[in-house]
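Student: Each chain, written out:
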Amino acid sequence: DVKVTQSSRYLVKRTGEKVFLECVQDMDHENMFWYRQDPGLGLRLIYFSYDVKMKEKGDIPEGYSVSREKKERFSLILESASTNQTSMYLCASSFGGSSRIQYFGPGTRLLVL
Amino acid sequence: GESVGLHLPTLSVQEGDNSIINCAYSNSASDYFIWYKQESGKGPQFIIDIRSNMDKRQGQRVTVLLNKTVKHLSLQIAATQPGDSAVYFCAEGTGNQFYFGTGTSLTVIP
Chain A
561 DVKVTQSSRY LVKRTGEKVF LECVQDMDHE NMFWYRQDPG LGLRLIYFSY DVKMKEKGDI
621 PEGYSVSREK KERFSLILES ASTNQTSMYL CASSFGGSSR IQYFGPGTRL LVL
Chain B
341 GESVGLHLPT LSVQEGDNSI INCAYSNSAS DYFIWYKQES GKGPQFIIDI RSNMDKRQGQ
401 RVTVLLNKTV KHLSLQIAAT QPGDSAVYFC AEGTGNQFYF GTGTSLTVIP
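So the protein sequences, as listed, match chains A and B.
In the numbering used here, each residue's number is its place in the first sequence (first place is 1) plus 560.
In the numbering used here, each residue's number is its place in the second sequence (first place is 1) plus 340.
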């Protein structure tokens with residue numbers, strides 16, 4: 561079974577703090593994704609990566625950055641957290657090529673005070 | 341960005357009945373579609389997928405129908421069980437990037 565893990569289930573941070581969200585997948589997937597999920601808005605893509613050290617902006621990259629130094633790990637960074645970044649953050653991975661199913665982690669619920 | 345919408349935000353069904361969850365998509369170039377189930381406090385879980393060269397695909401108790409003419413996707417769940425209560429999302433995609441709907445909340449009444 562594919563396993564995608566996220567470093568924290570719940571996180572509380574203060575405005576202006578730097579926040580790191582970590583995601584690890586154990587299936588040697590090429591592609592990794594970060595989404596945020598908000599009521600009424602569904603899942604929105606923040607960033608994705610097709611390979612190590614490679615990143616592409618999604619639909620809402622402002623205020624976020626990412627890092628992929630190893631194939632299995634994809635980090636989302638909030639350089640200076642703001643209250644409007646309070647959300648559920650979901651990491652996903654997919655094998656790539658003709659196998660496009662994205663497998664999701666359990667999510668990190670972030671509250672920025 | 342793309343617009344993926346669901347006709348009904350909530351759906352309640354009696355245990356044992358069949359459920360139908362609908363989804364409209366907007367990009368006629370989308371060639372791959374996935375249905376996900378998300379239980380409370382968990383990440384989305386893959387249910388079934390379908391490529392644009394197909395009209396129907398069946399899994400265990402689930403069937404996905406694709407109507408490209410009207411850009412409509414549906415998920416049918418047979419003999420709905422209490423464990424089927426969750427939010428269901430459709431996703432449309434080209435390449436490896438997907439756009440997700442806002443979800444339909446399915447409640448199964450015992």
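The hints are simulated quantities; they were obtained by calculation from the structure and are not laboratory data.
Computed from a predicted model, the values in this text were never measured in an experiment.
A virtual CB, placed ideally from N, CA and C, is assigned to each residue, including glycine.
Each hint should be verified, as a subset may be incorrect.
Label-pair ranges, simulated between beta-carbon atoms [what the hints assert, rightly or not]:
no. : chain 1 : residue 1 : chain 2 : residue 2 : range
1   : B       : N367      : A       : L601      : 30 to 40 Å
2   : B       : G423      : A       : E632      : 26 to 36 Å
3   : B       : G356      : A       : S640      : 18 to 28 Å
4   : B       : Q385      : A       : K613      : 26 to 36 Å
5   : A       : E632      : B       : S380      : 19 to 29 Å
6   : B       : S414      : A       : T575      : 27 to 37 Å
Some but not every residue of chain B turned toward chain A, in silico, with C-beta under 8 Å [claimed, not checked]:
no. : residue
7   : A369
8   : Y372
9   : I374
10  : K382
11  : P384
12  : F386
13  : D389
14  : F429
15  : F438
16  : T442
17  : G443
18  : T447
19  : P450
Student: Against this structure, judge whether each hint is valid.
Tutor: Hints, one by one, checked against the model:
1. B/N367 to A/L601: 30 to 40 Å: violated (18 Å)
2. B/G423 to A/E632: 26 to 36 Å: holds (31 Å)
3. B/G356 to A/S640: 18 to 28 Å: violated (52 Å)
4. B/Q385 to A/K613: 26 to 36 Å: Taking Cβ atoms as reference, B/Q385 and A/K613 lie about 30 Å apart, which means the hint holds.
5. A/E632 to B/S380: 19 to 29 Å: holds (28 Å)
6. B/S414 to A/T575: 27 to 37 Å: Violated - the Cβ-Cβ distance for B/S414 and A/T575, about 43 Å, lies outside 27 to 37 Å.
7. A369: violated (15 Å)
8. Y372: Holds: closest Cβ of chain A sits about 6 Å from B/Y372, inside 8 Å.
9. I374: holds (6 Å)
10. K382: This interface hint holds because 6 Å falls under the 8 Å limit.
11. P384: holds (5 Å)
12. F386: Where the cut-off is 8 Å and the nearest Cβ of chain A is about 5 Å from B/F386, the hint holds.
13. D389: holds (6 Å)
14. F429: Holds, because the Cβ-Cβ distance from B/F429 to chain A comes to roughly 7 Å (cut-off 8 Å).
15. F438: holds (7 Å)
16. T442: Status holds, d = 4 Å.
17. G443: holds (6 Å)
18. T447: The hint is violated - B/T447 has no Cβ within 8 Å of chain A, the shortest such distance being about 17 Å.
19. P450: Violated - the Cβ of B/P450 stays beyond 8 Å from chain A, reaching only about 27 Å at its closest.
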